[in-house]
Amino acid sequence: MNSLPSRIADIWDSNNLTWNNEIIELIFDIHATNSIKRVKTVPSTEDDKIVWKPSKNGDCTAHNAFHYLNSLSRLQLPQQGPRSINHGSLTILKRVWRCKTISPVIKTLIWRLIRRAIATGARANSLTEKIDKSCALCGAIENDVHLFFSL
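Letter 16 of the sequence shown, counting from 1, is numbered 15 in numbering that gives the first Met the number 0, and no numbers are missing.
Keep in mind the hints are simulated off the structure, nothing from the lab.
Below 30 Å or equal to it, Euclidean Cα-Cα: the simulated DSBU-like pairs (lysine-lysine) are:
(1) LYS52 / LYS93
(2) LYS39 / LYS52
(3) LYS52 / LYS99
(4) LYS106 / LYS132
From a predicted model like this one, the values you see are computed outputs, not experimental measurements.
Based on the sequences and whatever the hints tell you, model everything.
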């Protein structure tokens, strides 16, 4: 053999749909050879395709991933507490997420605003007193409403 294979297909016998054991044994030591031979193969001549099982059509998109993750019970939106949102807000989030003309950056900002996940002075001050909870421009408490609707 003059050169090492550059692709997996180079050590594959496409006529028999198995590994080309002669080439594998020439290239690799006995441990690697045995490991390669143990890899289960699929007896098919079709091209490989990556399939994301949670999706009906096998495609992994941000939309499909969002719905899949949202469907997991441990990742459901909270029904009570400071981070919970009401049905109207959830409806807005769903409409924004479906909209093709809104950029992902704006979608993320809307999500963070509705989910109360924006880093504000008041929120940061609740974690450490080293961060001032007051607005740098006017001195009022810096929270979501103040930042987006009062200035």
